[in-house]
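Visitor: Protein chains in written order, with the numbering used here: chain A, 1 to 266; chain B, 1 to 178.
Treat the hints with care, since some could be wrong.
As the list claims (entries may be wrong) - Ranges of calculated distance between the beta carbons of each label pair, as one might list FRET restraints: (1) A:217 <-> B:128: 31 to 39 Å; (2) B:86 <-> A:215: 29 to 37 Å; (3) B:117 <-> A:8: 37 to 45 Å; (4) A:153 <-> B:81: 29 to 37 Å; (5) A:246 <-> B:15: 17 to 25 Å.
What the hints assert, rightly or not - For the chain B half of the interface with chain A, some residues (derived, Cβ under 8 Å), not all of them: (6) 25; (7) 27; (8) 90; (9) 94; (10) 96; (11) 97; (12) 99; (13) 100; (14) 103; (15) 105; (16) 106; (17) 108; (18) 109; (19) 113.
As the list claims (entries may be wrong) - Now the stretches of chain A that chain B is said to cover, found in silico as 3 or more residues with beta-carbon under 8 Å: (20) 6–14; (21) 28–40.
The set of hints was computed from the structure by calculation and includes no laboratory data.
Cβ atoms here follow ideal geometry from the backbone N, Cα and C, with glycine treated the same way.
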Amino acid sequence: MHSMQLNGRLVNFEAGQTLLEVARANEVPIPTLCHHPGLESHGGCRLCVVEVTRAEWDGWWRMVSACEFPAADDLIVATESERLSRTRRNVVDLLLARCPETPFTVALGRDFGLAKSSLAPRAEPDDCILCGLCVRVCAAVGAHAIAGADRGVHKQVGPPYAPPSFERPPGLAPAGDCIGCLCCAEICPTGHIRYENNAQGREIWGRSFRVVECASCGAPLGTPEQLDHFAARSGLSRDYFERCDACSKLDTARAFDQQVMGEGTS
Amino acid sequence: MSEAKRLFVTPGRCIGCRGCEIACAFAHPVRRPGGHRPSDQPGKSRIRTFPMSAERHVPVVCLQCEEAACQAVCPTGALQRNEASGAIEVLTERCVRCMMCVVACPFGNVHDEPAMREIVKCDLCGGDPACAKFCPTAALEYAVRPTRNPPPKPLHSVAGGTRGQMAGAVSTTGPSVR
């Protein structure tokens with residue numbers, strides 16, 4: 001068992017845990033934005049910054065992102081300080097300048113005591129805060145259909161081969177690898193990623209998808225691309241993915257009944 | 001390991017009262033999206049009893065497969081076996097709702113709950129399944145092995161009430177009542 005100091009308290013941790021995981025296990029709150037426990041950490045938002053030092057560092061310290069920094073023996077970690085509050089508030093200030101009207105950033109600003117940004121707001125704001133959750137969830141699902149493109153103020157998320165953002169294109173190039181699973185839209189904290197489910201099917205990232213229905217009850221299951229992807233990725237038969245959960249359950253009951261009846265008559 | 005308790009389903013004993021469904025729904029109240037504040041509203045039942053004929057009913061609930069398809073397909077490791085109870089549980093904070101587990105389960109025992117924006121499945125109530133407690137005929141049993149000839153269990157003994165009428169109605173199906 002390893003141990004380190006967290007806000008002046010000695011805490012135990014297991015090898016491989018990050019500072020954020022150790023803090024959460026010990027009920028020490030650290031604000032996060034781009035973190036998701038199921039996805040790879042990315043250290044993009046810098047809201048989870050903490051100060052680390054060691055006894056032998058002679059008063060020197062580092063500010064690191066807790067979601068990525070591995071816990072280590074004899075580390076001394078502080079999650080609250082004037083410097084940290086200032087840094088976090090600056091991050092929120094920048095996000096508010098980027099998305100001045102987005103309900104999510106406005107609420108975040110309120111949490112950090114900022115009614116509006118101290119910086120000039122972006123001229124044509126959208127709701128994207130570049131947290132990268134959509135890109136990482138897409139990679140986790142295995143589609144790798146979207147990524148961050150460009151740098152700095154021009155950075156944007158989208159499918160490959162979309163024209164560079166500074167040309168201000170009317171629409172993005174359609175996402176060739178998108179499977180239409182909607183995970184990116186589901187995870188997006190600001191609702192920037194738009195999609196539509198309609199009578200024809202589903203639209204997202206400039207692409208239209210057909211929606212496969214359950215073979216017996218007609219409940220929507222997902223797009224054909226999505227089900228093919230699931231089948232290929234899991235190594236399971238495509239038949240597994242043709243029926244909805246309710247119909248599969250009924251099939252299970254029938255199979256169970258057949259078996260019991262067979263035993264009863266024999 | 002062989003002495004661990006498991007949930008046994010004996011369809012021949014099921015009377016289709018669907019008490020298990022009610023018990024499950026109340027044991028898993030709806031959690032509001034975002035917060036984790038439980039509400040009074042019963043959630044989606046993870047167990048369902050299907051009538052096959054007038055007298056044959058089959059309860060279907062997660063089998064907690066040894067090699068579970070739901071666990072194998074999950075891209076974020078959100079489905080993990082609770083070694084204490086033996087149940088495969090959904091770690092909601094890790095889940096991204098990609099629906100792979102919902103469609104991958106060949107038995108239809110993983111569900112999406114749109115109201116909660118969560119994936120739900122049987123978690124054996126953390127090691128004390130409510131369905132088995134409320135099953136009046138031991139069609140559902142949480143035990144090391146199923147009993148051979150279970151005595152009828154009057155409903156008032158599990159519900160803690162004195163509903164004589166209900167208890168009588170149930171016990172007439174039991175073997176000890178003429």
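Visitor: Each of the hints needs a verdict: does it hold here or not?
Guide: A quick look at each hint next to the structure:
{"no.": "1", "hint": "A:217 <-> B:128: 31 to 39 Å", "result": "33 Å, holds"}
{"no.": "2", "hint": "B:86 <-> A:215: 29 to 37 Å", "result": "32 Å, holds"}
{"no.": "3", "hint": "B:117 <-> A:8: 37 to 45 Å", "result": "38 Å, holds"}
{"no.": "4", "hint": "A:153 <-> B:81: 29 to 37 Å", "result": "46 Å, violated"}
{"no.": "5", "hint": "A:246 <-> B:15: 17 to 25 Å", "result": "22 Å, holds"}
{"no.": "6", "hint": "25", "result": "15 Å, violated"}
{"no.": "7", "hint": "27", "result": "19 Å, violated"}
{"no.": "8", "hint": "90", "result": "11 Å, violated"}
{"no.": "9", "hint": "94", "result": "4 Å, holds"}
{"no.": "10", "hint": "96", "result": "5 Å, holds"}
{"no.": "11", "hint": "97", "result": "5 Å, holds"}
{"no.": "12", "hint": "99", "result": "6 Å, holds"}
{"no.": "13", "hint": "100", "result": "5 Å, holds"}
{"no.": "14", "hint": "103", "result": "5 Å, holds"}
{"no.": "15", "hint": "105", "result": "7 Å, holds"}
{"no.": "16", "hint": "106", "result": "6 Å, holds"}
{"no.": "17", "hint": "108", "result": "3 Å, holds"}
{"no.": "18", "hint": "109", "result": "7 Å, holds"}
{"no.": "19", "hint": "113", "result": "11 Å, violated"}
{"no.": "20", "hint": "6–14", "result": "violated (count 0)"}
{"no.": "21", "hint": "28–40", "result": "holds (count 4)"}
Of the hints listed earlier, those the structure fails to meet are numbers 4, 6, 7, 8, 19 and 20, in rising order.
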